[in-house]
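Engineer: Protein chains in written order, with the numbering used here: chain V, 1 to 189; chain P, 1 to 189.
Worth flagging that the hints you see were computed from the coordinates, not collected in a lab.
Please note that the accuracy of each hint is not assured.
Copies of the same chain are indistinguishable here, so a pair counts whether it falls within one copy or spans any two.
Stated by the list, open to error - Below, a list of computed lysine-lysine pairs in the PhoX-like style, where the Cα atoms sit at most 20 Å apart:
#1 Lys-91 x Lys-41
#2 Lys-156 x Lys-91
#3 Lys-135 x Lys-156
#4 Lys-156 x Lys-51
#5 Lys-41 x Lys-51
#6 Lys-51 x Lys-122
#7 Lys-156 x Lys-122
#8 Lys-135 x Lys-51
#9 Lys-156 x Lys-41
#10 Lys-91 x Lys-135
#11 Lys-135 x Lys-41
2 protein chains.
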Amino acid sequence: MARWQPHASERLVVAALELFEERGYENTTVIEIAERAGLTKSTFFRHFPDKREVLFGGGTMTGLVAAGIDAAPAAAGPLEAVAHALDVIGKEAFTPDRREFGARRSAVIDANPELREREALKGLSLTASMIDALKRRGVPELTSRVAAELGALAWKIAYDRWSDTATSDDFGELARQALSEVRAASTLC
Amino acid sequence: MARWQPHASERLVVAALELFEERGYENTTVIEIAERAGLTKSTFFRHFPDKREVLFGGGTMTGLVAAGIDAAPAAAGPLEAVAHALDVIGKEAFTPDRREFGARRSAVIDANPELREREALKGLSLTASMIDALKRRGVPELTSRVAAELGALAWKIAYDRWSDTATSDDFGELARQALSEVRAASTLC
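Extracted from the complex, chain V is given alone in its bound form (with noise of 0.2 Å):
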């Protein structure tokens, strides 16, 4: 068995970036992000399956979602049970020191078609744990739907928002304001 690497995964994640900004996402391989990262080749295979991933955290935001509608409180409706999640990814993932990262992320996502891919899976697998989530509240099958799907749309518009540096309020913030805005806009269609 290897050493454990303590925050190995940060370490690849970080490195994983830097690369793909200097030299692009294609021209860059999983040895190179390892040295970087002064990690191992297998370290980097037991965090991540392949080089696409890096960016994406594993399962980890599909986890956060779904804890935070379980622990939405019992009276809140769909739509607000979403907003208790995004609070909760505002606290642990979205992060103000993580900010600058995630406006960096973002630009290198947005100039591969590869990582563009990867990343509308990831929002449909989003979608997919928030109604698995909202259904285990006792919401009905289609309004879980539409309440998931409204939810993911709020979601990308606060996170847009939230790693274009020139904004402060912070994730969870700025994800009831978007989940307002898209629940009125809900009721012009």
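Given chain V's structure and the hints, the job is docking chain P onto it.
Structural biologist: Positioned in the frame of chain V, the structure of chain P alone reads:
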């Protein structure tokens, strides 16, 4: 130049579906699909960029959806314009004679992760095409995004019901029904 082959695209799609059913998606090659259709590999690649694409009809659907939204009456609201587009899809693509094919196609896609992934990405490009078409009608950005998400969800629900060979309603009617259910659910979120 190769001779023009009548209905080459449809023949390739039918051949691919048969082979995927018989031996599985992974165990089927492009050459085998072309042979089954009585065509050559180079004819296949004039119609589809790769094996994964053969069940997804290139850009036909995105074009039909955009044209359907463009052609909706000027007074139609966003979801009414989407309903108009789904009517067009029902008349041009999801016609009653293709229902059984649709059910078989769904079964093959459900059985393969690569095809499910491609289908998910196609769904996203359909949503993007709806957003662009709604914005061309002067619908504000956020309302266009919400209407497209709700429209895409209604589409999926209607397609699942339509390709269930027990139903006999036409796709346009199923889509209007699904849109009104989705709209009602959005008021409960």
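Engineer: Give a verdict on every hint.
Structural biologist: We went through each hint and held it up to the structure:
In this homomeric assembly, Lys-91 and Lys-41 never come within 20 Å of each other (Cα to Cα): the closest approach is 31 Å inside a single copy and 54 Å across copies. Taking the shortest Cα distances, Lys-156 and Lys-91 sit within 20 Å of each other inside one copy (17 Å), while across copies they are farther apart (34 Å). With identical chains, the CA atoms of Lys-135 and Lys-156 are at most 20 Å apart between copies only, with a shortest distance of 19 Å across copies and 22 Å within one. In this assembly of identical chains, the alpha carbons of Lys-156 and Lys-51 never lie at most 20 Å apart, being 23 Å within a copy and 32 Å across copies at closest.
Taking identical chains as interchangeable, the C-alpha atoms of Lys-41 and Lys-51 lie at most 20 Å apart only when both belong to the same chain, with a minimum of 11 Å there against 32 Å between chains. Taking CA atoms no more than 20 Å apart as the test, Lys-51 paired with Lys-122 passes inside one copy only; the shortest distance there is 15 Å, against 23 Å between copies. In this homomeric assembly, Lys-156 and Lys-122 come within 20 Å of each other (Cα to Cα) both inside a single copy, at 12 Å, and across copies, at 19 Å. When the C-alpha separation of Lys-135 and Lys-51 is checked against a cutoff of 20 Å, the pair qualifies neither within a copy, at 34 Å, nor between copies, at 36 Å.
Neither within a single protomer nor between protomers do Lys-156 and Lys-41 lie at most 20 Å apart by alpha-carbon distance, with minima of 33 Å and 41 Å respectively. With identical chains, the CA atoms of Lys-91 and Lys-135 are never at most 20 Å apart, being 24 Å at best within one copy and 35 Å at best between copies. In this assembly of identical chains, Lys-135 and Lys-41 lie within 20 Å of each other by CA distance neither inside one copy nor across copies; the values are 40 Å within and 47 Å between.
Checked against the numbered hints listed earlier, the structure breaks hints 1, 4, 8, 9, 10, 11; every other hint is satisfied.
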